[in-house]
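Colleague: The opening position of the sequence shown corresponds to residue 1 in my numbering, with each subsequent residue numbered one higher.
Calculated from the structure, these hints are not laboratory results.
Mixed in with the good hints, there may be bad ones.
[Said to hold, decoys possible] Quick list of in silico lysine-lysine cross-link-like pairs, DSS-like style, CA-CA up to 30 Å:
id, residue 1, residue 2
1, Lys194, Lys146
2, Lys381, Lys182
3, Lys179, Lys144
4, Lys385, Lys341
5, Lys360, Lys381
6, Lys144, Lys231
7, Lys182, Lys194
8, Lys29, Lys150
9, Lys235, Lys140
10, Lys140, Lys231
11, Lys439, Lys341
12, Lys194, Lys233
13, Lys169, Lys182
14, Lys82, Lys144
15, Lys439, Lys360
16, Lys82, Lys140
17, Lys194, Lys222
18, Lys169, Lys179
19, Lys397, Lys341
20, Lys233, Lys154
21, Lys140, Lys194
22, Lys320, Lys82
23, Lys154, Lys144
24, Lys140, Lys320
25, Lys235, Lys146
26, Lys360, Lys442
27, Lys397, Lys360
28, Lys320, Lys169
29, Lys140, Lys222
30, Lys29, Lys47
31, Lys320, Lys29
32, Lys169, Lys154
33, Lys341, Lys222
34, Lys47, Lys385
35, Lys442, Lys381
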Amino acid sequence: MVISTTSSERGGQVNSTFASRYVRNALPKFEMPETSIPKDAAYQIIKDELMLDGNPRLNLASFVTTWMEPECDQLIMASLNKNYVDMDEYPVTTELQNRCVNIIANLFNAPLGDGETAVGVGTVGSSEAMMLAGLAFKRKWQQKRKAEGKPYDKPNMVTGANVQVCWEKFARYFEVDLKEVKLSEGYYVMDPVKAVEMVDENTICVAAILGSTLTGEFEDVKLLNDLLTQKNKEKGWDTPIHVDAASGGFIAPFLYPDLEWDFRLPLVKSINVSGHKYGLVYAGVGWVVWRSKEDLPDELVFHINYLGSDQPTFTLNFSKGSSQIIAQYYQFIRLGFEGYKNVMENCMENTRFLREGLEKTGRFEIVSKDIGVPLVAFSLKDSSKHTVFEISDSLRKFGWIVPAYTMPANAEHIAVLRVVVREDFSRGLAERLISDIIKVVKETDTLPSRISTKTAHVTATVDEVVRISEGAVKPAKKSVEEIEQEITRRWKGIVDGKKRGVC
């Protein structure tokens, strides 16, 4: 949810574009109207307001699926009125969810025996999924500490500073200290060596990311597992690993089958993945699966006798729609392993095409890696006069939504643009985007530098000036690098708090 805020006064009104055809009287914006209006009028008013939303297909900031086949759209519409939690009333929907959990668990190489079913659940996105996993780790750690007669009031977890904001939410909401491995220029993911050094007896888990939202890069879960195994052995601990595979979980099995990041590694106890990202389903559906039943404490599972039968449940949410669960199952059986592999390979081909096109301009430095989520993160080679934020803003006039943001702690001076390549981002769209970026860069070159004036305004502080006679103040001379860092800090102040919400 978003905390409700408005920039308008309470007396604001909504007017219909076609008032003479539908309704003559304006409607209050923040209060329920006294009377009903025709359905055509309600539809038209809302449709008109939504015209100024961005085009989802051109929203290159988002990892979230923006296109599905018409047949799946029909299944979604047919199931919108089904409440997923009514398991006894909709047993087939529950069965489809269980099939999805087992398909994902097998895809992630869960060590299931013959006839053994996987342990997992469908969620409202990966945020809920990782919070459920975090709660399981916290409770397991507390149980062990209690049994040993040791304090259990100061749990912590280790992550990289590149984690998505949902991890910060978990830490704050459920009172877990978040220990972040800081980034460095040129290395924008968690360093496994530094992460393991931060682990102590109060660490409930180390969270690794398979597909950083900043650069799409996969963290080295295999090295993390090996280093943590060694430390556990030395200290007598059993600190586990959670893999946040929100973006990469439906990519790695198809493009990098030999990459060891999943349940093949003994310390990986749970994995979350977003069905609404490269699982190819509309928002919002996520999944979390556990290695075994022992990794999910029984006391967290509720048994509810709600509408006639026992319903075991482990979720933060209760009522939710069934449509995304059904859509996920449709994609699994419709595409199969071959189909998903084809989609991901096509995404990577378009990613390479876009990257090569940007490199040919000679104006950009590619920050993202070849292996990872299909996206291109890139920075300006020379940002002494103009910034990536100006390019992002200018691309809006062509309809493109391309985010610009600064990196987290210890790399804040690096500002990048990022393009996420989804299934519906075709080669033709990639060609058009490259062409429009070239136009924007050429146009920006003709404009006066916005950095010089903004920097003078922002940085002329008492500590940074040379005072001369009669109280006059002259800004201290700055190097190009200092100017770049100053303007980056200014823009960071504008986008602060959003850089981890760029997914």
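Colleague: Next step is simple, just say for each hint if it's right about the structure.
Modeller: Results of checking the hints against the structure:
no.	hint	result
1	Lys194 to Lys146	holds, 29 Å
2	Lys381 to Lys182	holds, 24 Å
3	Lys179 to Lys144	holds, 21 Å
4	Lys385 to Lys341	violated, 43 Å
5	Lys360 to Lys381	holds, 13 Å
6	Lys144 to Lys231	holds, 18 Å
7	Lys182 to Lys194	holds, 9 Å
8	Lys29 to Lys150	violated, 56 Å
9	Lys235 to Lys140	holds, 18 Å
10	Lys140 to Lys231	holds, 19 Å
11	Lys439 to Lys341	violated, 34 Å
12	Lys194 to Lys233	holds, 18 Å
13	Lys169 to Lys182	holds, 18 Å
14	Lys82 to Lys144	violated, 40 Å
15	Lys439 to Lys360	holds, 14 Å
16	Lys82 to Lys140	violated, 34 Å
17	Lys194 to Lys222	holds, 15 Å
18	Lys169 to Lys179	holds, 13 Å
19	Lys397 to Lys341	violated, 35 Å
20	Lys233 to Lys154	holds, 22 Å
21	Lys140 to Lys194	holds, 24 Å
22	Lys320 to Lys82	holds, 8 Å
23	Lys154 to Lys144	holds, 14 Å
24	Lys140 to Lys320	holds, 28 Å
25	Lys235 to Lys146	holds, 18 Å
26	Lys360 to Lys442	holds, 14 Å
27	Lys397 to Lys360	holds, 23 Å
28	Lys320 to Lys169	holds, 21 Å
29	Lys140 to Lys222	holds, 23 Å
30	Lys29 to Lys47	holds, 15 Å
31	Lys320 to Lys29	holds, 27 Å
32	Lys169 to Lys154	holds, 17 Å
33	Lys341 to Lys222	holds, 23 Å
34	Lys47 to Lys385	violated, 41 Å
35	Lys442 to Lys381	holds, 15 Å
The earlier numbered hints that this structure contradicts are 4, 8, 11, 14, 16, 19 and 34.
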